[in-house]
Amino acid sequence: MSIAASWYLTLAAVVFTIGAIGLLIRRNVLVMVMCVELMLNAANLTFVTFARELNDVGGQIAVFFVLVVAAAEVVVGLGIIVAIFRRKPGATADDAHMLKG
Amino acid sequence: MVSGLLATATIPDAITFVIAAVIVIAGALGVVFMKNPVHSALSLIMTLFGIAVLFVEENAQFLAAVQIIVYAGAIVVLFLFVIMLLGVDRNERISVENSSAQRIGAIVLGLAVLVEVLLLGTGQWVTGAHSVTGSLTGHGANVNVIGDSLFSTYLLPFEVTSALLIVAVVAAVVLARRHDGHENVEVEIGGKEAHELAASREAAVGHDADETSAEDEASLR
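Quick mapping for you: the protein sequence lines, in order, are chains A and B. Sequential numbering of the first sequence, starting at 1, is according to our numbering. Sequential numbering of the second sequence, starting at 1, is according to our numbering.
Treat the hints as calculated values from the structure; they're not laboratory data. Just to be clear, a hint being listed does not mean it is correct.
To be verified - Some but not every residue of chain A turned toward chain B, in silico, with C-beta under 7 Å:
(1) ILE3
(2) ALA4
(3) ALA20
(4) LEU30
(5) MET32
(6) LEU38
(7) MET39
(8) LEU40
(9) LEU45
(10) VAL63
(11) VAL66
(12) VAL68
(13) VAL74
(14) ILE80
(15) ASP95
Positions of the beta carbon are idealized from the N, C-alpha and C atoms, including for glycine.
Just chain A, same shape as in the assembly:
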């Protein structure tokens, strides 16, 4: 027998919460993107847990696609961050209001 699924789900919930709080309290854009990665990983852990629990390959496939989307998201996000920092060195999330009318 292996560990009950609720342990994994609890751990994933804790990690997701830490990521969400970090996203809300930090203003460094890079750390905010890292917190988004934390939340994605918590969701991945949940997917794998349910895949095991329901004996269904779909959960693991979903994690595979989440990984790909996360990679694309990081590439584009970091590109935007580099572009913002080039205009305004030392920018935080509050400084990125160029689109404001």
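Dock chain B against the given chain A, drawing on the hints supplied.
Same frame as chain A, but now just chain B:
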């Protein structure tokens, strides 16, 4: 709590889970509370390794390998590249980073999320049908099962994924490209360094680019 963990698991399983969980949570806290972004990125690697261990424990060996190769090997290295490129690898004071009202609001919201997800996670959730898109056990190793499913049932999403990656690469190149002439970075970093920058660029470009460097000089003034 310990007996609850051991009720369904063997002792090695339980020990592995506890150690991996501690590593995951410590890394996650490190990402949020480290002052230096480089340390945050290294804490993120710690979390990712812990989650890879948990994946192995849940018989998702392929995903554990991909987790380490893609996340720890590529994504975090990309983070570190950008941190070093931007030169933001210095400590920042978290205490003055935001107002206390924002922090209190964040913690309240976070705890609400935690309670909600915990209620969902530990309640009556096993209502789904089993093995709808294919069984995880039965025919071959984990990689075989995922490969079979990925290249039959999920073939179209898989191909769309490759298109997505191409779009992301093109977007990264477009976003990170330096637009000479439209940039005002040189003005912002000030006189002496700007002149050094222009001089080094002139040396790098060579003699046949006198016109562009003259334009640069003009834009600097």
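Now the hints, each set against the structure:
A distance limit of 7 Å between C-beta atoms decides the matter here; for ILE3/A the minimum to chain B is near 4 Å, and the interface restraint holds. Look at ALA4/A: its Cβ gets to within about 5 Å of chain B, closer than 7 Å, so that hint holds up. For the restraint placing ALA20/A at the interface with chain B, the shortest Cβ-Cβ distance is roughly 5 Å, inside the 7 Å limit, so the hint holds. Here the hint on LEU30/A is kept, as its CB sits about 5 Å from the closest CB of chain B, short of 7 Å.
This hint is violated: MET32/A has a C-beta 10 Å from the nearest C-beta of chain B, more than the 7 Å allowed. With a cut of 7 Å, the hint placing LEU38/A at the interface with chain B holds, because the nearest CB-to-CB distance is about 5 Å. Interface restraint check for MET39/A: the shortest CB-CB distance to chain B comes to about 10 Å, outside 7 Å, so the restraint is violated. For LEU40/A, the shortest C-beta to C-beta distance to chain B is roughly 9 Å, which exceeds 7 Å, and the interface hint is violated.
The closest approach between the C-beta of LEU45/A and any C-beta of chain B is roughly 6 Å, which is under the 7 Å cut-off, so the hint is satisfied. The closest approach between the C-beta of VAL63/A and any C-beta of chain B is roughly 5 Å, which is under the 7 Å cut-off, so the hint is satisfied. A hinted interface residue such as VAL66/A counts as satisfied when its beta carbon comes closer than 7 Å to some beta carbon of chain B; here the least separation is about 10 Å, so the hint is violated. Look at VAL68/A: its Cβ gets to within about 5 Å of chain B, closer than 7 Å, so that hint holds up.
Interface restraint check for VAL74/A: the shortest CB-CB distance to chain B comes to about 5 Å, inside 7 Å, so the restraint holds. For ILE80/A, the shortest C-beta to C-beta distance to chain B is roughly 6 Å, which falls under 7 Å, so the interface hint holds. Given hint, ASP95/A at the interface with chain B, is violated; its Cβ is 13 Å from that chain's nearest Cβ, farther than 7 Å.
In terms of the numbered hints stated before, the structure departs from hints 5, 7, 8, 11 and 15, listed from lowest to highest.
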